[in-house]
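When you get a sec, could you build the whole thing from the sequences and use the hints?
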Amino acid sequence: MNKKTKNRISQVIMYTLIIIMAVIIFYPLLWTLGISLNPGTSLYSASMIPEDWSFEHYVWLFTDPRSDYLTWYKNTLFVAFATSILAVIFVTLTAYAFSRYRFVGRKYGLYAFLILQMFPVLMAMVAIYILLNQVGLLDTLWGLILVYVGGAIPMNAFLVKGYFDTIPRELDDSAKMDGAGHFRIFFTIMLPLAKPIIAVVALFNFMAPFMDFILPRIVLRSSENYTLALGLFNMVNDAFANQFTRFAAGSILIAIPIAIVFLFLQRYLISGLMSGSTKG
Amino acid sequence: MSDLKLVDIKKTYGKDTTVVEGFNLEINDGEFIVFVGPSGCGKSTILRMIAGLEEITEGDFYINDKRMNDIEPKNRDIAMVFQNYALYPHMSVFDNMAFGLKLRGKKKSEIKRRVDEAAKILGLTDFLTRKPKALSGGQRQRVALGRAIVRDAGIFLMDEPLSNLDAKLRVQMRAEISKLHHRLGTTSIYVTHDQTEALTMASRIVVLDKGQIMQVGTPKEVYDMPDNVFVAEFIGSPAMNIFEAELRDGQLYIGDQSIVLPESHQKMLRDSGYDGKAIKFGVRPEDIRETHTLEESNKSTAFDVEVSVVELHGSEIMLFAEMSGREFIARVDARTDVSVGDVVQFSFDMEKCHYFDNDTNNAIRKKEAPVEEVLN
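Protein chains in written order, with the UniProt record's numbering: chain A, 1 to 280; chain B, 1 to 376.
These aren't lab readings, by the way, just hints derived from the structure by calculation. Do not take every clue at face value.
Said to hold, decoys possible - When the alpha-carbon atoms are kept at most 30 angstroms apart in a straight line, the in silico DSS-like pairs for lysine-lysine are as follows:
#: 1; chain 1: B; residue 1: Lys108; chain 2: A; residue 2: Lys195
#: 2; chain 1: B; residue 1: Lys366; chain 2: B; residue 2: Lys210
#: 3; chain 1: A; residue 1: Lys176; chain 2: B; residue 2: Lys210
Right, dumping it as structure tokens:
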């Protein structure tokens, strides 16, 4: 077999793989989009490409007095933004400490971060419920935010610490000589240079509240406090009125804020920020 | 303008790793001090202790007679240039240089004036708006220097600032740093492992090994009168040739080769009690000459050897040969017509020879007469 045919074969294999992946990703997405445009509420009469498509479900979600969709949307956005911002603050501060200070328990602290990630969130459910109940944050969005931010620290701090470690310590030293203290170094040197990883942390923590179902299910009780995932699930879970088409319409709309935030953050997801600081 | 004093400085990591011990040094205002030594000798650690980036385990450090051990780096009035430049990659050249001034709350007009001035000295005026990544290695190094200059600090510290540059640029920057020092007159401490940099730039050299001072002196002193074998071998390129020798009846035996010593040397060695003992005999490559180029008085040491390697260095030739099983290097004029395998007659320039104690490795020198005797 000559080099050319070899090349061609490997190309064919690569494209086949890409196409398979694309189908796996897009098929459910197209189905959901199709269902959301179907009139009626039944799942069984719906088709992927509706014959007489309409936006009635989208309109229903926002205008019908029986729909809490807008409230859920606001709740979720609030939780998402608050989680994202708070997580970035706490995670970067923790990571900075672990990356730049040497203190007793540093090593075991890092191990603890790793080990904590091995346990599923489900394990902590009872404890979280009791804790929030005691401090009176049960059935509040702040209670949910608190749990999200707390959970984000171990996993993300580990990531960010790894990134901070790649920023040369000479930059800190140099800033120290220039007269900067720890906070100044953190804000004017480390944070601007760690933008890519901060963008990742912000994005992940922004997305989590849109996707998560289990935590809100446990923490949130009343419908006006529901987040999107929880509210939408109740739409299809209702024994008497399965509203699959409305559910689909509501799910499609979840993608919008995530896409916007992603587009905003993606300009920070660039590599090579550090080039030029030190000799390669 | 500052002078520094380091008294009995000690640095340990953990319980049993001692990096620097018993370090004593006084540095006068306006001096250009070079710390030189092999890697791991503690030179950078001492520099970082002076900067305040490392804690001093024991001992006292003074700037202008004020104890500085517990003073924050930013309050020591010290500017530092790092080996890896350590430029802030997200800031322009101007901002990099202005950062320290901004933190010190200087006025905008003052900052601009100082940065412009430093940029002019260093030829960076056209690059002020660029980011570090758009600069070449030499330009980055200049920015790092500029950042130190604008601060107008009392002391400059430089930690191997030229080690990342190519050979040509290094020579050029070396001269520029020297010029800068003459112009500003700031007390400077420069760390390097390159003895050429040390010899060419320093007003005084501090040779270090294993965290201890081996010798302090002007480049000429350190080169011409090394205090011990370490300094003798470290300073100078190629290194000084050191032969194991034995002193018998006023003659020096290197293996079975005997060398007649000048009367004064014989007396000095005898007086110091080395007659009949093993010593180390050192001679620099340029002090091993072809016999016919020497004056009559030195020809007594002539010996014949076969040349094993000939290295042309442009203006001079290094000849490698063996004497009683010990390889040595002679530096001769490039016009000398010698090729591998030739037998050449060499002689030592005995006035430039060095003797070292076999056990302590310290130089054996004429004991200086007590002051009273000289006065009488």
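Right, here's what the structure says about each hint:
no.	hint	result
1	B:Lys108 / A:Lys195	28 angstroms, holds
2	B:Lys366 / B:Lys210	28 angstroms, holds
3	A:Lys176 / B:Lys210	28 angstroms, holds
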